[in-house]
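Student: Sequence:
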Amino acid sequence: MAVMDTSTSLKRPLGAAPGDGTATAAPATAIRATSVSSGRVVVVGMHVASSLQCAGMALLRVFQGHVELLGWQPALGTYYSVHSPKWNSLLVIHGRAHDAAARDGRKALLDAEYQASFDGVTAELFAAMEPHAPSVGFDADEEHAADRLAREMAETFPIVLVLRAAPVTFGNVMCYYETPAHASTVVLPGFKLIMTKDELARLVESSSSSSSESAALAGSTHSPKPAAQVLRELVVADPSRPIQISSGWQSAVEALEQSLRAGDSAQRIVVCGGKDVGKSTFCRYLVNRLLALYDVVAFLDTDLGQPELTPPGMVSLHALTTPLLGPGFTHMKTPLRAFFCGGTNPGTDPLYYMRAVQSLLRLYERKYSKSPRVVPLVINTDGWVKSMGHDLLCSVIAQAAPQHIVQLLSTTRSKQFDLPSHGPWRVHSVEPWDPVGSATVQAPRSSKEMRLYRLHSYFLGQTRCTAVPRQQLQNLHFITEKDRLSSSIVQAYGALSPFAVPFDAVDVAFAGASVPPSQVLLSLNCSVVGLCVNPQRAPRESDAVALAGPPRIQLHRVHAPCVGLGLVRAVDAERRCLLVLSPLPLELLRHVNLLVRGNISVDPLVVAAEATTQAPPYGVLDVIPSEGSGSTAMQSRNNIKRKREDGGNAGPQGRR
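So in the UniProt record's numbering, spot 58 of the sequence shown is number 58, and the numbers just go up one at a time.
Source of the hints: derived by calculation from the structure; they are not laboratory data.
Just so you know, not all the hints are guaranteed correct.
[Unchecked claim] The calculated DSSO-like cross-link candidates involving lysine-lysine, where the alpha carbons are at most 27 Å apart (straight line), are: (1) K415 <-> K386; (2) K448 <-> K275; (3) K197 <-> K370; (4) K333 <-> K370; (5) K386 <-> K275; (6) K275 <-> K333; (7) K333 <-> K225; (8) K275 <-> K367; (9) K415 <-> K370; (10) K482 <-> K333; (11) K197 <-> K225; (12) K275 <-> K482; (13) K275 <-> K225; (14) K415 <-> K367.
[Claimed, not checked] What follows is a set of in silico ranges between Cβ atoms, one per label pair, in the way DEER data are often shown: (15) T411 <-> T196: 24 to 34 Å; (16) H132 <-> S488: 36 to 46 Å; (17) A495 <-> T179: 21 to 31 Å; (18) A573 <-> P239: 51 to 61 Å; (19) H132 <-> P539: 43 to 53 Å; (20) M388 <-> A443: 20 to 30 Å; (21) A262 <-> K370: 14 to 24 Å; (22) A495 <-> Q399: 36 to 46 Å.
Source: prediction; values computed, not measured.
Here a beta-carbon is modelled for each residue, glycine too, at the ideal position from N, C-alpha and C.
Start from the sequences and build out the full structure, keeping to the hints where you can.
Tutor: Dropping the structure here:
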C-alpha cells in the first residue's frame, strides 16, 4: 500500500507550542461563521465547551481541534457525510478538549492546534470511505479559499470546522432542510444550525458589532460573505429535539469498552429491545465509539423491517470502518454477505431466517476468529419481542453466544420481555431512548415511510434532484409536505434503465408463499425481488432449444446468498425476459441466477409507466399496481396457532 506524504496538509500554526490548545482568549461570540463567495463551503469557529445542533445534510471536515458526533471523533482533514433530518432527533456537534479526546480512544490523536488543509488525498479518501455516496465535485479553489478563512478563524477559536453542501439525490432528499424564509440563494443549501430565538438574537447582535472581516481573500473570486449575513442564512431559530446521550447509555458503553480492552479476543454484543425504544440510535452510538478503539467493527443486522445498513427484508453481515452519522437510509453499505428473507416479518419463514443468521455467524467466525486483529461483533435484533418474536430473539442469542447483551427497557407492557437467564453473557439493562426537546416538534416518520425511504435510497441514491426547483424542496420536513416530491420520484424511477433478464437465465422462488404457474409472471411484475446466487443451480433440460413458458420455479426454498435487490419494472412475455431495475453493476448481475419474490410493499407510484419523461427501452406489458387485488402471492399462515378453549379442547367454532 502506497504511503502518501501529508506534511503539506497537517501543519502546526506559527508560534503554537505542542499541547497548547487553549492559548487564545475566548471571544464574546459563541460561534462565528463565514463562507466563500459561492456559499457552498462554510467555515465555522466554536469553543471547546460549545455544541451545535445540526438539521439537514452536509459534508463535514475538521480543520482544527476536536469534536464529537454521536460518539464519533472525526479525524482532522477528512470529509464525512452528516445527515440529520429535521423530523428526526438532531445530531449535535460537541466541542472536545484534546486531553479528553485522547483519553477516550486508543488511536493517537494530533494536538488540538494542528491544522489539516484540503489536498488531493481528501477527495480520494472520501470516495473510498463512502463508495455509495453520490460523487462530490470538490472545487480545489473553493477548498483552498475555505482553508485561508479557517486559518484566520483559528486565531480566535480553538475548533474550526469546514462544511460543504452535500449533493441532493432522491435517496437523501428527505434530509434536506430549509424554510421559505430564506432567500433564493443561501449559504450551505439544505443544512442549518438550530438555536433558540434568544440564542440567535444574541449571536447576530454580537456578530454585527464585530467589524473584523477577512482580508485574506479580498478582491479574489472567492471573496467571503460578511459574517453577520452568513449567520442569518446558516442559523435558524426553530423548535428541535436533539440527540442527548444519557448517563446510563454512556455507562453501559464504557463498561463494554472496558471489557473489550481487558480481553484478548473478539467479543460479541447483542442489542435488543422492543420497537421505538432506541435500538438503532444505541447501535450507531456503540459502533461509533468502538471505531475509536478498533479499525473494523463487525455488524450483524437481523432486523428485517428497519435494518440499519441495507434495504428491508435482508439479514446481513458488515465490516464497518466508517461512522454512522444519520438514519439508516442515509448510509447504505455493501455487506460481506446477506440473505433475502422476503419480507419485514421473520415469522413468515422463521426456519429460513434462523438459518441465515447461523450462516452469517459462521462467516464471522471463519473470517475473524483467527485474525491477528480483534474485530468485535455488534448484533442488532428485531423489535418483535412477543410470542414467536421472543422465541426467535432467544434463538439468536443462543446461536451467537454473546459475552454481553444490552437490553433497552420499556415502561410499555407490550415492549417488556425476559432474557434467557442461563448463559455466559452479562446483561446491561439501560433506559429507553427519551428524546428531549420542544413539545411542538412533529413526530418522526412511520415505519412504513422509513422502509420506503430505504428503497428510494437504494434505487435512487445516485439520481440527482437537479430538475427539482428549490422552492419544492423547502418545508419537506413537515408531515403535510413530505409527499410533494411524489411525481418527481415517479419520474426518477421511470428514467432508470432496466436490465433485460432472460427467463432461461434465472430460476424463481417465492418467499413464504405459493403461486400457481399461470400466475407467475403477474406475481413477478412490479415486485421487489432478491437477486441471489445459487451455486447449486441445475442446468435447464435443454440449453440448445429456446424453451417456452415462464422461468423455472424452485418449489423448495434455496439457501443462497443475496447480492442485492431488484425491482421488476415489467415483464416482456414475447421476448421472454424480465425488465429489472437495480443499482448493482452488470459484472455482479451476471452471477445472479435466482430471483426470490418477497412480499415487500412497493408504492404504486414508482411503477407507473406513464410517468416516464422518456420512452423506456422496452415496452411495459401487463403492469398492475403492487397493492391491487391479486397483485401479491398467496401467503401461508402456518405459523399462527389456533386458539384453544376448555382446557385445550377446541370449541364448536374451532372444529369446522
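Student: Okay, which hints does this one fail, numbers in order?
Tutor: The structure conflicts with hints 3, 7, 8, 9, 13, 14, 16, 19, although it agrees with all the remaining ones.
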